[in-house]
Structures are given as structure tokens and as C-alpha cells.
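For the protein sequence lines, the chains are F and V, in the order given.
For the first sequence, the numbering used here assigns the number 54 to the initial residue and increments by one for each residue that follows.
For the second sequence, the numbering used here assigns the number 263 to the initial residue and increments by one for each residue that follows.
No lab work stands behind these hints: they were computed from the structure.
Where hints are given, some of them may not hold.
In silico EDC-like cross-links for lysine to aspartate or glutamate, where the CA-CA straight-line distance does not exceed 16 Å [to be verified]:
{"id": "1", "chain 1": "V", "residue 1": "Lys441", "chain 2": "F", "residue 2": "Asp112"}
{"id": "2", "chain 1": "V", "residue 1": "Lys454", "chain 2": "F", "residue 2": "Asp133"}
{"id": "3", "chain 1": "V", "residue 1": "Lys441", "chain 2": "F", "residue 2": "Asp109"}
{"id": "4", "chain 1": "F", "residue 1": "Lys172", "chain 2": "F", "residue 2": "Glu157"}
DEER-style ranges, computed between Cβ atoms [stated by the list, open to error]:
{"id": "5", "chain 1": "F", "residue 1": "Asn196", "chain 2": "V", "residue 2": "Gly305", "range": "49 to 55 Å"}
{"id": "6", "chain 1": "V", "residue 1": "Tyr357", "chain 2": "F", "residue 2": "Arg180", "range": "35 to 41 Å"}
{"id": "7", "chain 1": "F", "residue 1": "Asn183", "chain 2": "V", "residue 2": "Ala375", "range": "52 to 58 Å"}
The following residues of chain V were derived to be distant from chain F, with all beta-carbon distances above 10 Å [stated by the list, open to error]:
{"id": "8", "residue": "Glu264"}
{"id": "9", "residue": "Ile333"}
{"id": "10", "residue": "Leu337"}
{"id": "11", "residue": "Ser447"}
{"id": "12", "residue": "Tyr448"}
We treat Cβ as the ideally placed atom computed from N, Cα and C, and that holds for glycine.
Below are the chains, spelled out letter by letter.
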Amino acid sequence: MKEIKIVVKNLNLYYGDKQALKDISLEIPDKRVTAFIGPSGCGKSTFLRVLNRMNDLIDHVKIEGEVYVDGVNIYDKSLDVVNLRKNVGMVFQKSNLFPKSVYENIVYGPKINGIRDKKILDEILERTLNQAAIWDEVKDRLNENALSLSGGQQQRLCIARALAVEPEIILMDEPASALDPISTAKIEELIHNLKQEYTIVIVTHNMQQAARVSDQTAFFYLGELIEFDRTTTIFTNPSKKQTEDYVTGRFG
Amino acid sequence: MEVKKRKKDISGVLSLTIVRLMFFFLVFILILLLGKIFIEGIGVISPEFLLDEPRDNMTGGGIGPAIFGTIAVTLLMVFFTVPLGVFSAIYLNEYAKDTFFTRVIRTSINNLAGVPSIVFGLFGLGFFILFIGKGLDDVLQTGLLFGQPALLWASATLAVLVLPIVIVSTLEALNSVPKSHRDASYGLGATKWQTIRNVVLPQARPGILTGTILAVSRGAGETAPILFLGAAFFLPNLPVADLCIGGYCIPMINPTEQFMYLAYHIFIMATQSANPTKTLPLQYGSTLVLIVLTFLLNITAIIFRYRFRKILGRL
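Modelling step: build the complete structure from the supplied sequences, incorporating the hints.
Following this line, the structure appears as C-alpha cells:
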């Protein structure tokens with residue numbers, strides 16, 4: 054078993070009076086792909102956003118419990134949230150590139166972290182675009198508007214942009230849900246390669262995708278964590294009835 | 263099934279006719295107004311008219327000082343109002359929480375836009391001249407320098423007058439920046455200010471410029487508020503003073519002087535003329551100049567906005 058990267062203990066989350074996550078505890082191993090599955094509104098995306106405190110940006114959200122990344126409680130009052138988000142990068146459901154050039158999008162993160170040296174920025178650019186397997190497609194279009202790329206290219210560029218701040222964990226919120234099958238396959242291949250160096254947590258609607266890319270899978274239902282196990286176990290021999298019903302397509 | 267004949271939609275035809283009539287009526291009035299001003303006014307426009315000062319008790323000469331005064335006041339107004347308005351809007355939209363208090367502030371800003379401009383004039387007289395100006399004079403021991411009607415206070419008052427326009431349009435521009443772009447920036451470890459500075463403001467810039475355009479048009483055409491604030495009946499000398507630094511002197515707008523103002527000048531010629539037959543063409547000329555001037559200011563800002571949009575679109 055690999056080392057544990059993230060530990061969540063008894064986490065409750067409320068939107069105002071409504072409880073969205075109920076007493077969730079789990080451990081996410083380092084340099085593996087962990088998938089969250091479940092029907093819409095089950096809290097899997099909300100839980101993903103707990104891991105880099107993106108929920109802080111929403112009013113009336115109350116969080117109880119503890120989340121440790123590398124042994125540090127990220128909900129500790131003295132924690133620097135900005136620094137946390139540099140270590141825990143995020144890729145969103147819909148590509149959200151800035152209406153700027155390909156180059157500007159990638160160097161945005163490094164630049165706000167104070168890197169000004171053009172040579173270093175160029176190195177980061179080439180390295181991350183290669184990591185995201187998109188260098189060959191965009192190397193001649195670095196000064197073009199990033200929004201002129203295709204949907205699949207934009208999403209891989211988003212991944213490259215997240216890599217540019219050198220995170221250790223990458224959260225992906227349904228990164229391929231708006232893409233065609235070929236672009237989806239590219240993203241999945243990318244995820245497979247990235248887990249050599251990064252801890253990846255991916256939320257997905259697509260159960261085949263979870264089965265293909267992840268090492269372990271967590272099934273959420275109505276704000277509760279129903280089952281968390283090796284992906285093969287979840288899909289072939291789940292211990293809970295609800296999990297079985299969901300993965301066999303009986304509901305959801 | 264029986265084929266039914268289509269019934270005539272009488273109310274539809276009627277309402278369309280009424281709406282059309284209204285539209286043509288409006289366009290007709292506009293053309294009439296602008297056409298009359300153009301035809302009557304174009305005859306007196308000449309380089310001398312644009313540059314010279316009025317002569318012979320307003321029955322001759324030009325409107326140079328009034329044009330200069332209008333431009334000077336408007337520029338100074340933009341200089342005051344844009345930073346104040348933009349930063350207020352940033353605070354309201356990005357930082358302030360949605361509480362009862364901030365809602366009251368938002369509503370007040372919207373209502374402020376509807377306050378009659380003469381009220382702003384009285385406010386300017388009471389607040390800027392009598393309170394701040396007199397106060398400055400007392401503190402700085404400058405005699406009577408700030409505590410009197412002057413270009414500075416007229417600009418400041420107009421700035422307050424157009425502030426709601428700038429704030430509201432900036433608020434809308436900030437609001438239209440997608441949340442996903444903010445999320446992307448925060449997700450990369452940007453602070454709030456970095457996100458506003460690098461992601462939100464660049465995208466909001468065209469909207470902010472629209473607000474500035476509207477503000478300029480409004481400010482340049484106002485007469486009532488500057489009545490008490492330094493608009494002079496007749497002032498052949500431009501409100502200019504040499505600013506000297508180590509022997510080099512540059513002529514600068516002197517904000518403590520009084521000034522002539524196009525809108526006020528038109529008012530004066532229309533109501534206080536010694537010889538209406540002689541001033542009438544000059545009035546048309548001045549009105550034409552005022553309209554063209556506001557139009558030019560608008561065009562400049564629209565070109566700016568267009569270029570920003572193009573840059574945003576290309577990048």
C-alpha cells in the first residue's frame with residue numbers, strides 16, 4: 054500500500070441549514086488516482102472542493118471536521134489558503150481558460166507566484182505543455198487566443214495550467230464531461246501518465262471512466278460516503294447493496 | 263377537419279401601427295431638432311468663432327473660452343470620478359458582503375442618479391466651497407483662494423453628479439465576468455486582489471469605459487449645478503496659469519479660477535442678450551459646437567472601447 058496523502062476525518066458540510074456532506078472519513082493514497090462517483094447532487098463535487106477549500110468562496114457554507122494534507126490540518130485557522138491552493142491544483146468541469154493567449158494562460162500561475170524571469174517561464178511553459186501532451190499541437194500557436202482551440206485542447210491546456218504552479222495533488226471535477234470520446238480518451242491517458250508524479254482525485258459521472266482511470270473509487274449517495282475501496286472491488290464485488298445498484302445501472 | 267380561415271389579428275396590427283408611429287415621431291423630432299441646429303449653426307462656425315473670445319456684449323466674436331472651460335471642467339471631472347467610481351464599485355461587488363447595509367448603499371446609488379442636478383449644485387456650493395474651500399483657506403492661511411466658486415469645485419461637483427453612472431456601469435461590468443474565470447484564478451493560488459487585478463478588471467474594462475462615456479456626455483451638458491460653482495458670464499482670459507519648476511514654465515489649467523462653460527454660455531445668450539437678433543445665430547453656433555463636442559468625446563471613448571474589445575478578442 055502506498056503512503057497516505059490526504060486524510061479526512063468526520064467531515065460535515067452545510068449550505069445554510071441544509072447538510073450536504075454527512076460525516077465523511079476517508080484516506081487518499083499518494084500518487085494514485087482516486088475517483089468519486091455517485092448520482093447528481095450526491096455531494097461528490099462539493100467534497101472535492103473541500104480538499105482545496107474552494108468552498109470558502111461561497112457564502113453561508115459551514116464546515117466541521119478535519120482534513121489533513123501531508124499531516125497538516127488545512128482547516129486550521131492559521132493556514133495560508135492561497136499556499137494550499139498552489140499545492141492542491143484544480144481542473145474544472147468546463148474549461149475556464151482566461152481570454153488571453155495560450156502563453157499567458159500557462160504563465161499566469163507562475164507569474165502571480167512572483168516568477169518574472171522570461172527564461173524560467175519559457176521552461177515551465179514547455180515542460181507543462183509536454184506533460185499535458187499538447188505541446189506539439191500548440192507550440193506554433195502560443196500567442197493565439199486560447200479560446201480559439203478546440204474543446205479537448207482547451208481542457209488539456211487547463212490541466213497544463215494547473216501543473217504550472219507545481220502542485221502535488223490535482224483535483225479534477227468531471228474534466229471530460231463536455232468532451233467527445235477521442236478527447237476524453239486523451240484526457241484519460243494523460244491522467245494515467247500524471248499519476249507517476251501526482252496524487253489525482255477525479256469526480257466523474259461516467260462509471261466506465263472511473264473504472265478505466267482510477268485505482269480506488271468512492272461512491273457517494275445523498276451526501277454520505279457509502280463505500281470506498283479498490284476500483285476493481287467496487288465494480289465487481291461491492292459490499293453494499295446501494296453501490297451495486299448504482300454501478301450496475303439500476304438507478305442514478 | 264375543416265379548414266378554418268385565419269382570423270385577422272386586429273389588436274396585433276393596431277399595436278404594431280402605434281409602436282411604429284411612435285418610433286417615426288421620435289426620429290422625426292430628433293431630425294428636426296438636430297437639423298435645425300445644424301442648418302442655423304453651421305453658418306457662424308469659423309476658426310475665429312471657435313478660438314476667439316466673445317465681443318461687443320456677447321453680440322460678436324467667438325466662444326473660445328467657453329469651449330476651453332467645458333473641456334477643462336470635463337477632463338478634471340473624469341479625473342475625479344473614474345477612480346472613485348471604479349474603486350467603489352470594486353469594493354461593492356468584490357469585497358462587501360451582501361447585507362442589509364450594502365443593499366441600502368446600492369439602492370441609494372441608484373436613487374442618486376435621479377436627484378435633480380440643481381440639488382447637486384447647491385450641495386457643491388455648501389459642501390465644496392463653503393465647507394471644504396473655506397476650511398482649506400482657514401487652515402492654510404491663504405486668504406480667499408479656495409473658498410470661492412472655481413473650476414476645481416465645479417469639476418468636483420459634476421464628478422459627484424456622474425458618480426452613480428460610473429459606479430452602476432462598473433458594477434455591471436464586474437458582474438458580467440464569469441465566475442469560472444475567478445475560480446480558475448483562485449485555484450491557481452491567486453489572492454483576491456491578484457484575481458481582480460489580472461482577471462476581472464481586464465475583462466471589465468470595456469464596460470467601465472462605457473460608464474465613462476455616459477458620464478462625460480452627461481457632465482459636459484449640465485448647466486444647473488455649475489451656476490453657483492464658478493461658471494462666469496464673461497471671462498475673456500482662459501483659466502490658465504504657468505506652472506514653473508526650476509525656471510521651466512508650462513501653462514496649466516488653473517483650478518482656482520472661474521471659467522466659461524458652453525452650456526451656461528448658451529443659457530446666458532438666450533436670456534440676457536442685449537440684442538437678440540445678433541446673438542441668435544451665435545446661439546445656434548454654440549449649441550452645434552456643444553453637440554459636436556460631446557459627440558467627439560463619445561467617439562473617442564467608443565474607439566478606445568472598441569480597441570480594448572479587439573485586443574481582448576484577439577489574445
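Cross-check of the supplied hints:
At most 16 Å may separate the alpha-carbon atoms for a hinted pair to count; Lys441/V and Asp112/F meet this at roughly 14 Å. As the CA atoms of Lys454/V and Asp133/F are separated by approximately 13 Å, the hinted pair is consistent with the 16 Å bound. Under the criterion of a C-alpha separation no larger than 16 Å, the hint pairing Lys441/V with Asp109/F is consistent with the structure, at around 14 Å. Distance hint between Lys172/F and Glu157/F is fulfilled; the C-alpha atoms sit about 14 Å from each other, no more than 16 Å.
Under the hint 49 to 55 Å, the C-beta atoms of Asn196/F and Gly305/V, about 53 Å apart, fit the expected range. Between Tyr357/V and Arg180/F the beta carbons are some 36 Å apart, a value that agrees with the proposed interval 35 to 41 Å. As the Cβ distance of Asn183/F to Ala375/V is approximately 54 Å, the hint placing it in 52 to 58 Å holds. For Glu264/V, the condition that its CB be more than 10 Å from all CB atoms of chain F holds, with the nearest at approximately 49 Å.
The claim that Ile333/V lies off the interface holds: its Cβ sits roughly 35 Å from the closest Cβ of chain F, which is beyond the 10 Å cut-off. Every CB of chain F lies more than 10 Å from the CB of Leu337/V, the least distance being 31 Å, so the non-interface label holds. Residue placement check: Ser447/V does not keep its beta carbon more than 10 Å from all beta carbons of chain F (closest about 7 Å). The beta carbon of Tyr448/V sits about 6 Å from the closest Cβ of chain F, which is not more than 10 Å, so the claim that it is off the interface is violated.
In terms of the numbered hints stated before, the structure departs from hints 11, 12, listed from lowest to highest.
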